[in-house]
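Read top to bottom, the protein sequences are chains V and E. Numbering-wise, the working numbering comes out as the position in the first sequence, counting from 1, plus 102. Numbering-wise, the working numbering comes out as the position in the second sequence, counting from 1, plus 9.
Hints in this document: simulated from the structure, not taken from any laboratory. Predicted model only: the values in this text are computed from it and were never measured. For every residue, glycine included, the Cβ atom is placed at its ideal position computed from N, Cα and C. Worth double-checking, as some hints may not be accurate.
As the list claims (entries may be wrong) - Pulled a few chain E residues facing chain V out of the computed Cβ check, cut under 8 Å: (1) M10; (2) A11; (3) W32; (4) H90; (5) W98; (6) C106; (7) Y108; (8) I114; (9) I139; (10) G162; (11) A164.
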Amino acid sequence: MSKKRVNVSRREFLIHSTTIGAGFALGMYIPLTGKTALAAEQTVTAEVPEVNAWVVIKPDDTVVIRIARSEMGQGTLTGLAQLVAEELECDWSKVTTEYPTPGQSLARERVWGSFSTGGSQGIRGSHAYVRKGGAVARQMLIEAAADAWGVDMEQCRAANSVITHVPSGRTTTYGKVAVDAADLIPPLEVELKDPKEWKLIGKPVKRLDTVDKLTGKQVFGADLQLPGMLNAAIKACPVFGGKLKSFDAAKVRTMPGVRTVVAVEDNAVAVVAETWWQANTALNALPVKWDTGPNAAVSSQTIAKMLDEGLGAKEASIGNEAGDAKKALKEAVKTVEATYAYPYQNHATMEPMNATALWTKERCEVWCPTQNGEAALQATAEAAGLSASRCEVYKIHLGGGFGRRGAFHDYVKQAVAIAKQVPGIPVKLLWSREEDMQHGHYHPITKARLVGGLDQNGDLVGMQVRISGQSILASVNPNWMSNGVDMFVFQGLMAEGDHAISYSVPNLSIDHAMRNPHVPPGFWRGVNINQNAIYMESFIDELAHAAGKDPLEFRQKLMSDNPKGRAVLDAVAEKAGWGKSAPEGVHRGLAVCKAFASYVAACAEVSVDGNGKLKMHRIVAATDPGYAVNPQQIEAQVEGSFVFGLSALLYGECTVAAGGVEQQNFDTYASMLIADMPKVEVIVMPSGGFWGGIGEPTIAVAAPAVLNAIFAATGKRIREFPLKNNDLRAV
Amino acid sequence: MAKLKINGKTVEVDVDAETPLLWVLREQLRLTGTKYACGIGACGACTVHIDGQAVRSCLMPVSAVGPDQAVVTIEGLSPDHSHPLQQAWEQLDVPQCGYCQPGMIMSAAALLSQKPNPSDADIDANVTNICRCGTYNRVRRGIHLAAEINKRGRAHE
Ligand code: FES
Ligand code: FES
């Protein structure tokens with residue numbers, strides 16, 4: 103017996119499907135009429151009701167899958183579509199996707215769950231409910247077909263968007279029954295497939311979003327054009343925490359294209375002009391006075407002093423403790439001590455920060471690249487002085503996120519603050535690269551002092567780790583801390599969980615002396631695992647050498663409680679040929695860690711010539727993410743993670759002078775180029791039973807594997823980064 | 010008033026003589042496939058062809074571009090994404106976020122037209138674009154594959 107939805111008014115909630123492109127096009131042409139894009143979508147688009155929140159099927163069998171998380175390069179969009187399509191049993195070649203808006207989410211009580219795309223959560227944080235969304239839609243489609251045929255739905259099967267009544271062999275397609283399915287009451291419980299039955303999850307299918315990226319057609323936030331739109335360029339006080347004192351608008355008002363010069367919040371000034379080039383040219387000519395405040399006295403040197411003090415401070419918060427480290431170190435036959443330091447780094451997404459805003463007294467709309475649409479909506483409402491229900495955010499493709507566009511919507515607030523000063527006219531705010539480099543939310547700065555103790559057999563009996571430096575949570579959201587402790591500082595060093603330490607050390611003490619300089623820290627792809635893995639994996643290597651042991655065996659011995667970590671480590675060692683001779687002049691280094699619930703390891707092969715020039719030849723990497731949704735995209739992420747992690751290792755450093763960041767552009771904040779790139783061999787070894795992240799974990803092993811190989815090549819232990827500041831000639 | 014030949018069409022634009030070609034393409038001509046990322050010639054996101062040479066358009070004042078010089082942007086590389094590089098890129102799923110890719114493809118296209126069968130060293134020397142997502146190894150494979158596709162195409166002629 104089929105159950106029809108009783109409440110027909112629910113229809114009012116339904117959003118009708120548009121492709122991303124069409125919805126986008128509508129958004130582009132609506133604003134000046136004063137109507138909302140959402141209202142327009144509902145009135146203008148073809149009348150195709152959704153089957154459920156996740157799935158819309160058109161009469162031509164096109165499947166539209168709704169994706170709440172953002173696509174910023176990591177392939178999340180395709181992976182999530184695979185998860186829905188697996189359970190939906192639809193024809194993959196007919197799948198398209200669209201983003202629901204944060205406003206729609208608000209109106210429908212967050213039916214799509216979280217929009218946040220960070221912490222390698224895109225897939226692992228939503229796999230269960232998106233698969234369920236697909237399964238529910240499939241059941242409804244089958245039920246609609248069975249009803250039409252007057253047969254029992256238990257006798258019907260669905261595959262490839264075709265429903266078959268097994269006893270009679272009759273068939274129909276999803277497109278034909280979708281309208282009827284939409285009227286059914288969704289089943290409350292559905293059974294998800296056993297992973298052994300997956301047909302699409304685990305397949306290296308192509309990304310759904312490639313072609314437009316090859317032709318220039320893909321619209322990024324920075325490319326957005328709205329009719330009648332003006333452009334804005336902005337400059338905020340170069341000293342963090344400083345304020346705008348005054349500016350002399352008269353000096354630039356007559357420059358070509360300039361419409362107005364406005365103060366933005368209390369610390370920035372913007373020029374609004376017909377084109378961005380005109381706005382930026384005028385901004386560069388604008389006399390501005392800043393009230394830099396007390397932070398102007400801060401420099402890299404004063405920050406280093408602050409952290410050095412923390413290294414020896416009495417008070418610190420414990421992150422991981424076992425046995426009695428102090429006693430074990432006192433009794434050790436040999437102790438090793440080392441201090442490491444990790445610098446500030448900028449996210450440096452290729453596309454600089456930008457947002458387009460249209461403000462009126464009644465309503466505010468924003469078009470922006472964001473890793474978290476809901477947070478962007480919140481920021482919009484706050485800056486607009488309107489309730490969230492009077493605001494809307496349209497997510498535009500991101501030219502990279504890396505954590506910069508998730509927790510921080512400073513660029514959205516600025517765009518709205520500017521738009522408020524030109525009501526009724528859409529304004530696109532685009533940061534120059536210089537602005538982007540100097541107003542980041544930087545990879546936090548820390549130092550670590552590590553002491554390890556060996557017994558007469560050369561076994562590790564005790565270890566102390568003191569981390570001194572910045573807490574991201576203290577700056578971003580102190581509510582996420584517990585009793586003033588930022589546990590996330592211990593990422594990769596924790597006793598258990600998604601970021602557990604790889605080794606069982608009988609006597610262990612890891613603590614954190616929080617020292618927070620005024621430079622704003624942020625979640626930077628990988629976050630605290632980046633420096634923590636360098637500290638731990640380099641130091642374990644130091645201990646192995648001090649014990650006269652092979653670095654692989656030394657690690658293995660400490661990993662008896664960590665079989666999955668051990669498995670990825672063994673896999674890279676074996677494939678790289680650890681223990682066998684390497685090509686002349688080539689040396690190897692290892693690293694392993696657990697991050698974002700995935701197990702990762704790397705073996706790097708490098709050589710260093712007589713002038714200290716480093717060449718990275720080859721890296722073998724292994725990942726156990728539990729389930730591998732799309733192995734070819736995992737490979738792409740692993741390769742990309744080496745670029746991100748090794749760019750940071752080779753060049754990444756933001757220094758502070760007079761309270762601001764000194765680097766301005768890619769000439770002083772360099773990235774790896776293709777010529778620097780080693781060959782990367784990727785082992786994807788999903789062991790099942792858990793869901794680990796992909797976009798970040800490998801970054802953590804990139805740098806320490808190379809550093810340990812550099813030590814093997816030169817006898818030099820590098821403890822301060824980036825490498826460009828070090829002389830790598832052999833000792 | 011500047012006269013330009015963009016993707017085979019002659020256009021006239023009314024801009025300041027110092028305006029970089031990049032911004033004329035993006036803002037006057039609405040060809041936003043050519044990207045801004047640094048504005049100082051350091052990243053290659055803005056790469057276009059001028060008479061077949063790869064040029065970083067953020068450093069090129071529009072007044073320095075002659076009316077007869079052929080400017081080709083990513084939008085004009087092929088009418089139907091059939092350029093061997095676009096084919097190869099599609100086959101290998103090269104792009105991640107995609108922001109650097111138009112510039113990357115335009116740099117690679119200029120290299121391929123000068124060296125139909127480039128070595129890895131040629132690629133290292135000529136494709137010096139920044140990709141923060143880290144697509145380099147697929148870019149390299151894509152260039153080699155495009156050279157292959159080209160060769161096969163010629164063999165069929
Ligand atoms: S934008 Fe022209 S080289 Fe970077
Ligand atoms: S694909 Fe994102 S910067 Fe290259």
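Going through the hints against the structure:
no.	hint	verdict
1	M10	violated (14 Å)
2	A11	violated (14 Å)
3	W32	holds (4 Å)
4	H90	holds (5 Å)
5	W98	holds (5 Å)
6	C106	holds (3 Å)
7	Y108	holds (3 Å)
8	I114	holds (7 Å)
9	I139	holds (5 Å)
10	G162	violated (18 Å)
11	A164	violated (24 Å)
Hint check: violations occur at hints 1, 2, 10, 11; the rest are consistent with the structure.
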